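K.L.:
Chain order of the listed sequences is A and B. Just so you know, we're using this note's numbering here: the first sequence kicks off at 1198 and counts up by one. Just so you know, we're using this note's numbering here: the second sequence kicks off at 1198 and counts up by one.
Treat the hints loosely; a few may be bogus.
Because identical chains cannot be distinguished in the list, a pair is counted as satisfied if it fits within a single copy or across any two copies.
Once the Cα atoms are required to be at most 30 Å apart in a straight line, the calculated BS3-like pairs of lysine-lysine come out as [stated by the list, open to error]:
| # | residue 1 | residue 2 |
| --- | --- | --- |
| 1 | Lys1239 | Lys1314 |
| 2 | Lys1211 | Lys1555 |
| 3 | Lys1568 | Lys1556 |
| 4 | Lys1239 | Lys1532 |
| 5 | Lys1314 | Lys1451 |
| 6 | Lys1314 | Lys1434 |
| 7 | Lys1499 | Lys1521 |
| 8 | Lys1521 | Lys1451 |
| 9 | Lys1467 | Lys1451 |
| 10 | Lys1556 | Lys1510 |
| 11 | Lys1451 | Lys1325 |
| 12 | Lys1532 | Lys1556 |
| 13 | Lys1338 | Lys1434 |
| 14 | Lys1532 | Lys1338 |
| 15 | Lys1338 | Lys1521 |
| 16 | Lys1521 | Lys1510 |
| 17 | Lys1434 | Lys1521 |
| 18 | Lys1325 | Lys1211 |
| 19 | Lys1204 | Lys1338 |
| 20 | Lys1204 | Lys1521 |
| 21 | Lys1314 | Lys1521 |
Derived by calculation from the structure, the hints in this document are not laboratory data. Keep in mind it's a predicted model, so treat the numbers as computed, not measured.
There are 2 protein chains.
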Amino acid sequence: MADINLKTHQAQFKNALYLESGRILEPFEIAYETYGRLNDTKDNVIVVCHALSGSHHAAGQYDGDTKSGWWDALIGSGKAIDTDRFFVICTNTIGSCFGTTGPTSQMYPSLDPYRLKFPVVTIKDMVKAQRLLLDRLGISKVHAVIGGSMGGMQALHYAVDFPNLATHIISLATTHATSAWAIAFNKVAAQSILADPNFEGGNYDIDAIRSQGLRGAAIGRMAGHISFLSPESMSVKFGRDYVSTDGLFDLFGKFQVERYLDYNGDNFPKWFDPLTFIYIIKAINIYDISRGHDTLESALQKTRSHLHLFGFKRDLLFLPTEMKAIDLAMNAIGKGEMSHYYLVDSDYGHDSFLVETKKFEGIIADILERK
Amino acid sequence: MADINLKTHQAQFKNALYLESGRILEPFEIAYETYGRLNDTKDNVIVVCHALSGSHHAAGQYDGDTKSGWWDALIGSGKAIDTDRFFVICTNTIGSCFGTTGPTSQMYPSLDPYRLKFPVVTIKDMVKAQRLLLDRLGISKVHAVIGGSMGGMQALHYAVDFPNLATHIISLATTHATSAWAIAFNKVAAQSILADPNFEGGNYDIDAIRSQGLRGAAIGRMAGHISFLSPESMSVKFGRDYVSTDGLFDLFGKFQVERYLDYNGDNFPKWFDPLTFIYIIKAINIYDISRGHDTLESALQKTRSHLHLFGFKRDLLFLPTEMKAIDLAMNAIGKGEMSHYYLVDSDYGHDSFLVETKKFEGIIADILERK
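In isolation and in its complexed conformation, chain A is listed as follows (with noise of 0.2 Å):
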C-alpha cells in the first residue's frame, strides 16, 4: 500500500478576508493537512470539509498517535477516496481551535486572545477562507469537494458560492438550513458553558481547561452526544446495562449510557475548547444556503456542479427529508440531472457518516470515477 503522503501545513494570509457579518479577520492563517500529490495538471484536487469538532486531521496517523484522521476509513491509498489518485486537501475551518484563526487565537496587534471580541463567522466565511487557500495554491478546478454534517453544509456553499469550481459536490448527514430541533441541541450546549462559573464569561485560562476540563462544557457535549445518535442505536449501543457496583437503588449509580455520556463529556473541553464550541455552533445555527438569495431554488440556480445528497435514515439532527428538499428544489428548476439523493439504511443516527463508511463507500467511490 502506497504512503498517504500525510502533510501538515499553516498558511498567513496578511490580507483581510472580509465576513459576512460585515467583520474582518487580520491577519489570519490555515492550518490545512493534505493526502496524495497533486499532479501537474492541477485537476486530482478533492477538498474535505470537517464537522462541528473535527478538524484539518480527516486521514492518516501521526507518528505516536493512537487514532487516525476522522475520515481515515474513507480516504487513503486505494480507499474510496483514494490518495494514489486523488490530492486531497482538508483545512481547520475559520473560527476553529486547531492552527485556524479563531477565538483563541491572538487578535493581532495584541498578543491576547480574541475571546468574545471574534466575530462570528459563518459557513460562508468557512468556504470563502479555503477559497483563498486553494487560489494561492493555484488551484481553479477541483474534482470534489465532500463533507458530512457541518462539512457537508461548506460542500454546499461551494455550489453556491463557486459554482464554477466543482465537478462533484458531495454532501451528507446535513441540510440547506438548520432545523430547530438542531439549534435546540445546540442551545443546551452552549447555555451549559455559559452557566459555567469557570467558564468566567470568557474569560478563563485556555490552558487550565484544557487539563481540568470544564463541567459545562461536559454536559453541553452530552447533549450533543445525544443528537449524534438515534434511540435505536442506543438502545443497541448500550441497552439498559447497569455498571455500578453499588446498586440499582443508589441515586447516583450510573448505567452504561450516563458512563459513556460522562467519559465523552468530560474529556471535550479537554481537546476542544469552550468558546469556539460557542462560535462553531452559532455558525450552524445561521446557516441557511438560501441567505442572500430569495428562495433555495434561486440559490442552487447558478451551480454547475453535480449535487451528491446523502440522507442517512435514522439522521434527526438533520433529518433526510431536508437532503431531498435540495434534490427537489434541483428538480423544481432543471437541474434533475445534476442532482442525486441517496438514502442510506441506517440506524445509526447522525453519526453514520463518519462511523457506518461501509454503508456509502462504494457509492463515494463509483461518484469519483465520474469525469
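Starting from the known structure of chain A, arrange chain B on it as the hints suggest.
P.N.:
Chain B alone, transformed into the frame defined by chain A:
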C-alpha cells in the same frame, strides 16, 4: 355542563410504606384530587396517573388559576373520561413535590427535609402507595387505570402488581423498560442540576430556589423539552424564526426555539423542586416492568386486566415499538385477546399524549364504555 366536582385531599398514613429498595417511608402522606362522584357500589373508579413533572391536579380549575389541570381536555363532564359517570382519582406520586411525601418533606421526627436522605423510590412504589389509598377509600376494583409517560408506567405496574384490580389498563406513550435514549436525556438534566453551585449538594434554600430559580435545572429542563418534541414538530412550531432584534450576527442572538427553551427552562425550577426532579428521573431510569420476573412475558402472565397500549408515531422518548413489544409479549403468552395496541398518527413527539388528545380521546371513550 355538570360540575366536575373537583376536590383536593390529603391522606396521612402512619404505617410504613415498604419500598422496593428495602427502605421504608414512615409516616407518609398522599395528596390527591378526585372528580365526579363515587357510586354506591364503588365500581365507577378510574385512576389517573401523572407524568414526571405532573401532579394530582389533572383536571378542572382552581379559583384564581388561569390554567386547568394537565389532562383537562380528557377528563370532565361529557369528556372521554366522563366525570358524570366516573369517579376519577389522581394522586401525586410518592417522591414528588406537590403534597405527597418526597425529598422536600420533613423527615420524621425532625422538621428537616429529607433532601438526599430520601430513599430512592420506584414506579412500583408509587403504585403500591396508591393502592394503599384505594384500600383506605374502600375501593377494591377499579374500572380503569390510565396514564401517559411515567403515568403509563404506573398503569402497567397496576396490571402486573395488582392483576385483579383493574378491568382496563390504558397506557400511553411509555415503555416496558426505560431506554438508553431516555436515560441519556435524564443524565443531562441531573448532571446540569448537580453542577450548579447553587444546588449546594442538595442543601439549597428551597424557598429561594422557588423564587429565583436554578440555572442548572433550567438547562436540564431544556434538554427535557427537546425529548418531548420531535424534529418535525419543532420545525412546524418554531421553524427558523429569529426573535432577537440585535441581528443574525450577534453571538447571543436568539431563534424562536431558543426563546421557548429559555422560557420553559427558567420557569421550571420555580414550580418543580430540583431534588425531586433527580429522584423522579431515577425512578424512571430504573423502571423495568420485568424486574423481579424472568421476562416481560412472565411479568404479564398473571394480569387479568385488558391492556390498551398507545404508541405515538413520532415519540422518540418512548418508541411505538416499545409499546408494541408489550402487545407481542401478551400474544406470546396467549393473552392476545386482552391486549390492544393503537398507533396514533402524530408528528408531535412524546408530548402528543398531552397536547393531541383529540387524536385518541374517542378510543379512550370507547374503551371506558366496555365492561
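K.L.:
From the Cα coordinates, with 30 Å as the cut-off, is the pair lysine 1532 and lysine 1338 best called within, between, both, or neither?
P.N.:
Cα proximity of lysine 1532 and lysine 1338: one copy only (21 Å, versus 67 Å across).
K.L.:
Between lysine 1521 and lysine 1510, at a C-alpha cutoff of 30 Å, which is it: within one copy, between copies, both, or neither?
P.N.:
Both. Shortest intra-copy (12 Å) and inter-copy (21 Å) distances satisfy the 30 Å Cα cut-off.
K.L.:
Please sort lysine 1338 with lysine 1434 into within, between, both or neither, judging by C-alpha distance up to 30 Å.
P.N.:
neither (42 Å within a copy, 42 Å between copies)
K.L.:
Within, between, both or neither: how does the pair lysine 1314, lysine 1434 come out at a Cα-Cα threshold of 30 Å?
P.N.:
neither (41 Å within a copy, 33 Å between copies)
K.L.:
Given identical chains, is lysine 1451 near lysine 1325, meaning Cα to Cα at most 30 Å, within a copy, between copies, both, or neither?
P.N.:
between (46 Å within a copy, 25 Å between copies)
K.L.:
Are the CA atoms of lysine 1204 and lysine 1338 at most 30 Å apart within a copy, between copies, both, or neither?
P.N.:
within (21 Å within a copy, 76 Å between copies)
K.L.:
Since the copies are identical, ignore which copy is meant and state whether lysine 1239 and lysine 1532 lie within 30 Å (CA to CA) inside a copy, between copies, both or neither.
P.N.:
Classified as within: same-chain Cα gap 28 Å, cross-chain 70 Å, threshold 30 Å.
K.L.:
Check lysine 1314 against lysine 1451 for me: Cα-Cα at most 30 Å, and say if that holds within a copy, between copies, both or neither.
P.N.:
between (40 Å within a copy, 19 Å between copies)
K.L.:
How would you label the pair lysine 1338, lysine 1521 (within, between, both, or neither) given a Cα cut-off of 30 Å?
P.N.:
For lysine 1338 and lysine 1521, the Cα distance is within 30 Å only inside one copy (27 Å; across copies 54 Å).
K.L.:
How do lysine 1211 and lysine 1555 come out at 30 Å by Cα distance, when the copy is not named: within, between, both, or neither?
P.N.:
Neither. Shortest intra-copy (42 Å) and inter-copy (63 Å) distances fail the 30 Å Cα cut-off.
K.L.:
Taking 30 Å as the upper bound on the Cα-Cα distance, should lysine 1325 and lysine 1211 be classified as within, between, both, or neither?
P.N.:
Cα proximity of lysine 1325 and lysine 1211: one copy only (15 Å, versus 73 Å across).
K.L.:
With identical chains, the pair lysine 1521 and lysine 1451 could be close in the same copy or across copies; at 30 Å between alpha carbons, which is it: within, between, both, or neither?
P.N.:
Only across copies: lysine 1521 and lysine 1451 sit 27 Å apart there, 40 Å inside one copy, limit 30 Å.
In this structure, the earlier hints numbered 1, 2, 6, 13, 20, 21 are contradicted, and the remaining ones agree with it.
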